[in-house]
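Turn these sequences into a full structure, and let the hints guide you.
There are 2 protein chains.
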Amino acid sequence: MKTLVVGANGQIGRHVTQLLKEAGNHEAVAMIRSEEQKDYFESKGIQTTVADLLDSVESLKQTVEGFDAIIFTAGSGPKTGADMTLRVDLDGATKMIKAAEVAGVNRFLMVSAFQANNRENWNEKIAHYYVAKHFADEELKRSKLAYTIVKPGGLINDPGTAKIKIGSKDIIERGTVSREDVARVLVACLDKKSTEYKSFDLISGDQGVEDALDQL
Amino acid sequence: MKTLVVGANGQIGRHVTQLLKEAGNHEAVAMIRSEEQKDYFESKGIQTTVADLLDSVESLKQTVEGFDAIIFTAGSGPKTGADMTLRVDLDGATKMIKAAEVAGVNRFLMVSAFQANNRENWNEKIAHYYVAKHFADEELKRSKLAYTIVKPGGLINDPGTAKIKIGSKDIIERGTVSREDVARVLVACLDKKSTEYKSFDLISGDQGVEDALDQL
Chain A
1 MKTLVVGANG QIGRHVTQLL KEAGNHEAVA MIRSEEQKDY FESKGIQTTV ADLLDSVESL
61 KQTVEGFDAI IFTAGSGPKT GADMTLRVDL DGATKMIKAA EVAGVNRFLM VSAFQANNRE
121 NWNEKIAHYY VAKHFADEEL KRSKLAYTIV KPGGLINDPG TAKIKIGSKD IIERGTVSRE
181 DVARVLVACL DKKSTEYKSF DLISGDQGVE DALDQL
Chain B
1 MKTLVVGANG QIGRHVTQLL KEAGNHEAVA MIRSEEQKDY FESKGIQTTV ADLLDSVESL
61 KQTVEGFDAI IFTAGSGPKT GADMTLRVDL DGATKMIKAA EVAGVNRFLM VSAFQANNRE
121 NWNEKIAHYY VAKHFADEEL KRSKLAYTIV KPGGLINDPG TAKIKIGSKD IIERGTVSRE
181 DVARVLVACL DKKSTEYKSF DLISGDQGVE DALDQL
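Same order as they appear, the protein sequences are chains A and B. Residue 4 in full-length UniProt numbering sits at position 4 of the first sequence, and the numbers go up by one each step. Residue 209 in full-length UniProt numbering sits at position 209 of the second sequence, and the numbers go up by one each step.
Hints should not be assumed to be uniformly reliable.
Same chains, same names: a pair is fine if it fits in one copy or spans any two.
Claimed, not checked - Below are the DSSO-like pairs computed for lysine-lysine, each with C-alpha atoms no more than 30 angstroms apart in a straight line:
#, residue 1, residue 2
1, Lys61, Lys169
2, Lys79, Lys125
3, Lys169, Lys79
4, Lys21, Lys169
5, Lys141, Lys61
6, Lys125, Lys61
7, Lys61, Lys79
8, Lys61, Lys165
Hints are computed from structural coordinates only; laboratory data are not their basis. These numbers were taken from a predicted model, which means no experiment stands behind them.
Below you can see the structure in the form of structure tokens.
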């Protein structure tokens, strides 16, 4: 599948593009915000396209045209203010969803946050971040796209183990998960039609990625 | 109608409770965040109820039970960060909408912002505020409530003139409007069934409130 990685220059995004490149069965394009981010991807033989989540739906539609899938790993991050969380994590994601709909991109994988769907389980210190993720997820669920919403626990930079635990119907315990494993799960979801229209929490665990996803 | 004014202690909210009190045909209750805000309203003979938009839907449901209408004039304001814009203006409004639905409160009047429905017309400097208002409005439109969304231009503290201009189908020019006139329009909408399921921009103009609303 021709897959656009949004937020490709982020930590999870870089893992995703790398894993897609290694897998070889998909054509991955990194959506980057500026030409300066190009070198990193070109040195790895990964194509890029320049676009900004602050752009209009119309402009983003042109970016996503011709793709089969979008992996949304973008976030304004903790270095900018909550105003950018609103504009990127919520409104940017929503514009991408609309752009995908009008451009006929059917598949949309979203990186959300652990228990973003349950207000009572939000981390009070970054509750505003959960608001943004929650509303973006709801927008995606209401869309006509074949979505998968991956809601990872605390993100860490340790190397991935490819061993995970997922929770969909039941709420699992809070935990951490390496960004590499989040990326691995996203790439696995792209290949697994049974993950469409699904939403699940993700922490590190002791189950193989394929096995865990098969139980969704 | 038994009407709950959410954000009653805000500038528009105070005008709304005052006008409802003067009109006399509705029972107005001011929703306030703390006991300290009580004196202002009690001195004017206006009932109060203490609740916080950071509370759960379940808790807010108990607050809104028995009301016929909600006028939502709350906003975290420019003194707090955009994190509170997310939590109050967006998530707080959404929780109130859900609470109204489960409690069987049918009528919901929302104070939004001029052209909140059109991204291309957002004020770039406070675009995050427009994101919050836009998503809250969308949430309300998708609800089963009889909504009216009032989208005022630049808010000023001048005394109201009761002369306005509204735009619904066509986009009108940008302008200002006094908070008192916004409150006057909200109270008029409460009495006018034809304003249900309507959304309109509002600036000061030269038309009487009733006449303008009749043209919706």
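Hint by hint, here is what the structure shows:
| no. | hint | result |
| --- | --- | --- |
| 1 | Lys61 / Lys169 | between (34 angstroms within a copy, 26 angstroms between copies) |
| 2 | Lys79 / Lys125 | both (15 angstroms within a copy, 19 angstroms between copies) |
| 3 | Lys169 / Lys79 | neither (34 angstroms within a copy, 40 angstroms between copies) |
| 4 | Lys21 / Lys169 | neither (32 angstroms within a copy, 49 angstroms between copies) |
| 5 | Lys141 / Lys61 | both (19 angstroms within a copy, 25 angstroms between copies) |
| 6 | Lys125 / Lys61 | between (35 angstroms within a copy, 25 angstroms between copies) |
| 7 | Lys61 / Lys79 | within (28 angstroms within a copy, 36 angstroms between copies) |
| 8 | Lys61 / Lys165 | neither (35 angstroms within a copy, 35 angstroms between copies) |
The earlier numbered hints that this structure contradicts are 3, 4, 8.
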